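Peer 1: Chain residues, written in single-letter form:
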Amino acid sequence: MLVPIQWLKEYTNVDENIDKFCDRMIMSGSNLETVEVFGENIENVVIGKILSIDKHPDADKLVITKIDVAAEEPVQIVTGASNIAVGNYVPVALHGSKIPGPLHGQPKKPEGVTIKKGKLRGVESFGMLCSAGELGFEDKVVPVTHKDGIWILEKEYPLGMSIVEALNLKGEVIDFEITPNRPDCLSMIGMAREAAATFETELSYPETRCEEKGEGKCKDFIEVEIKRPDLCKRYVAKVVTNIKIEQSPWWLQQRLIYAGMRPINNIVDITNYVMLEYGQPLHAFDIRNVKGSKISVDTAQEGEVFTTLDGTERKLTNNMLLIKDTERAVAIAGVMGGQNSEIQEDTDTILIEAANFNADSVRSTSKKLTLRTEASSRFEKGIDPNLAEEACNRVCRLIELLNAGTVLKGSVDVYPEKAEAESVKVRVDRVNQVLGINLSAKEMIDIFHRLEMKTMHLGNTITVTPPTVRLDLETEIDFVEEIGRIYGYDKMPVTLPRGNSEAGKSEKQRLRDLSKETMTALGASEVQTYSFVSPKGVDSIKMDENAEGRKLIRLLNPLGEDTSVMRTTLIPNMLEVLARNYSRNNENVAAFEIGTTFFNNHHEGDPLPEEKESMCVAVYGPNKDFFTLKGMVTEFLNKLGIYECRYIPEEKIATFHPGRCATLVYDCVEIGIIGEIHPDVLEKYGIGARAICCELNFDLLVEKANTEKFYRPLPKYPAMTRDLALTVNEENCVCDIESIIKAHGGELLEKVTLFDVYRGKQLLSGTKSVAFTLTYRAADRTLTEEEVTKVNDKILVALKEGCHAVLREM
Amino acid sequence: MQNQLKAILEEAKEQLDKASSLGETEELRIKFLGKKGKLTEILRSMKSLSPEERKTLGQTANSTRGQIEAILEEKFAMMKELQKATKLKSEKIDVTEPGSLIQLGVKHPISITIDEISKVFMNMGFRIIEGPEIETVFNNFDALNAGPNHPARDFTDTFYITEDVLLRTQTSPVQVRTLMKDNPPIKVISPGRCFRCDTPDATHSPMFHQVEGLVVDEGISMADLKGTLDSFAKQMFGSNAKTKFRPHHFPFTEPSAEMDVSCFKCGGKGCKVCKGSGWIEILGCGMVHPNVLAVGHVDTEKYTGFAFGMGVERIAMLKYGVDDIRLFYENDMRFIQQFK
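Protein chains in written order, with our numbering: chain E, 1 to 810; chain D, 1 to 340.
Hint data in this document are derived by calculation from the structure and do not stem from the laboratory. Remember, it's a predicted structure, so these values are computed and weren't measured experimentally.
Capping the alpha-carbon separation at 30 angstroms, the derived lysine-lysine pairs in DSSO-like fashion look like this:
hint, chain 1, residue 1, chain 2, residue 2
1, D, K119, E, K612
2, E, K108, D, K275
3, D, K340, E, K624
4, D, K340, E, K505
5, E, K612, E, K704
6, E, K20, D, K272
7, E, K140, D, K275
8, E, K9, E, K140
9, D, K107, E, K536
10, E, K98, D, K272
11, D, K234, E, K505
12, E, K612, D, K340
Here are some chain D residues the structure puts well away from chain E; computed CB gaps all over 12 angstroms:
hint, residue
13, R29
14, L49
15, K80
16, K89
17, D94
18, F237
To be clear about the criterion: a stretch of chain D counts as covered by chain E if any three or more of its residues have a C-beta under 8 angstroms from a C-beta of chain E, and this derived list gives those stretches:
hint, region
19, 108 to 115
20, 119 to 133
21, 196 to 209
22, 219 to 230
23, 248 to 260
24, 287 to 294
C-beta: ideal position from N, C-alpha, C; glycine also.
With the hints as extra help, turn the sequences into a complete structure.
Peer 2: Okay, structure coming up:
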């Protein structure tokens, strides 16, 4: 909401400098975005009158003008403008003058533009005639009359006078941020009410009394019927004849421009002016085109076509509210008028409409038509129906003031049920308790009065009646807020809540923290990827057609296909991260993510789908292979107290290399999968390195984790080690051999460590050599060679039986 | 023979003096004291002498041996030192060469920021809770006093899965879940992911993180809200941080406020980060609206509460000077590794 400070001062006499004004308004609840200052950066730009316009001898598009600027001699200026005429009053930037700019077709420079004399196609030019844009106004607010050319002033001003002075250009405009609960602040009076309450100044309302010199009464000209009182609470109409359409005087144009609206002509400008002043949208119909002299407010026919005054044909639905005459629609209620009843140059008599339309109805119509206007955006937030009459009168008053027409007597006002303010009981002690302050009832009542509320005080209770414009005040807490913000949040004390509840984190949160710490200690960095993904991801990783992860949850309104389903696995996201890093030449990557995955399963009676937490780790880079990641994962699991997790070879998951993939099984439950990414999948993602990836079911890890620590005494007696190098067939995996060793090692076998796997020339093809170190130890004595040999031999026998392992010469 | 011994001693002295390595010294030891050494030879030849002569000569010989041994010992020690010094000298490395590449993993800056925020609130006695990312429309809007026409409900603002189920647009539904499940006193924060229909650009992301806070107890006032959040700001941004509470509007709190923190880059003088104002908007907060408490069947006469919510990306961007929110979700290791 753009509020020119000069305009605001018309209603309340706030005399603070702009910074202080803004600060205090912010602290009383009117937050602001920016303050713009107009009329700055303009030097030596004066009023001039065009004395002559002559053709340029050498350029068709240029003319040579002589301008009277009350100097000794007229100034010669060459211009390309085509909208000027002899006798026009225009802003003249003399040699050496400064304007904010930008010059036509150039970008805006913060320091402005200096104008110097020069030659245009051989003819001397001693300055420049200015457009409003060149003097710092945005194109969209430049008055229609000169929007594509030089600024033609609307009347005679003293020649040679500074334009800043003549037009009173200097002034600040504050852009207030209006929250949705305060539609009453979408008006100058509304903001003035806030300023008056903030600075404890008087608020004065504009003059609305009309002379009504016209012949005849309004109600003889027009009849109004509200057929949908549920959608239209009030309809006020007044009639004005002898309309003279002209430019508005500068003071009115200026206020509209500074408030961000383009001046069009006096009648349109007045309706816009009053809308900005009161927040009540208004509309003027040419009464010639209101057939049957009757207005009715009713919904449209399904499929009805109507041309709005922007020239667009719009197809209507049967819940859209229309303003109709006896034959047809003349406006879409609260949104936009029709082309068929628009004010024209020769309009003589107009009907001024000030109505109150249902917020939801206007919102839905505006949304369906994708047509948002100043009027609709106000109606959809809610407007006090009591404003309609005053605003309508104010329009007529201004028409009289500008001599733009003759107002007929009286009005038509259909107002079936007058809106009355509801009183609310506010308890003094409750206000103090919620705000943590200690105000007396009298102090509270003062604040209510500053906000134009009426009060009745009895003991602990103040009965407060707010003005009807304050649609947001309904219950006690709303008034607590009013007291709080006017008293000042900054004056409230600072305390800490007493008492403590059980602080800290849940077991799951703790384990998640521990997991992140462990993974980073192992050299992996955390990534965070979108929860919504492309449905193609599961194809890209060649997920099984029947896998649960294929049951994707789809968004109804995704931003795009790439973010249209909720992820069921972290792997595609992780591969995208790897691919991005690979393409950016990051040679060595170890990354992990812990995040939510979503499955289309529903628990009985729960409308929400199942969310599972998952963890994904991946690496690529020099010297990184399956075992690098396996080592990281194993150590990570150990940290969670998950020891001896089994890695079971897995050949059928197409995401992974068939010979380099394993499922992780712990406690008879599958907790995850690890493997080198299949070359086809790598290619799909454009990853040119071998990547290894592991996805773990984090919820299961939380279930299985055991991070309680118990001390085990350090061994008192020495260990004895034996190295075994065995030749076995390729099919025998290390895991199976280890199990045999452990199964037959008895109590004395403390540890089995694989230290070498060899395949090569010295062995038959299809066989490999695996070498283990077996560590033997007894808790209560030093072992003897004989004891160890006995156990070792037993193991060798078992290995021979179990997997035809042959002891190899070391 | 006495003379011979003397000569041997002199010779040994002379030669040992010249010896310049451990090996030479050892050779000399063998030459003079070894089994076939000169001194041994003399001692061996003593057999032919009379007991008297043998005694005197023996004494001299022993003294000679003792002296040579002493010199040798000294020489050996010296040579060992010398050898050690030579070895150390030869082992000199260029310590300015880079160390072996051992890379610590790094937590994501968003996680780091959430951890910092959580730590501050845990120290103030808050419990950390979580809620689902997919929520009901009821928990996300209705229960939070956002009317049926609230613009945030639009398809253009919120991602829907069905008419009644959506991706939560804020962490506030966790407030609702807590109020429905727990009885006061309540003192919780809830970090998590949120989603809104924003096309990604430098300052917008369709997915982002918030930390929500809720305190409900008897006698909780706006002064408690100010105290708690002011303390948070000082712990998070430094003890010099000042706070400013500006009135604002949120459907689920009343009175509502936005909290600004004095700019931690310029200390309040005004700079690029705070756009010259000296203040940075950090969070929204307010007293929990009675309608919201009522959803959880909390006795609104007995209990009051406050709530707050802050955007984690915003805080991380301000703290670390990150100028493009998309960097958080590109996961370029060169970006993440900066937060070691």
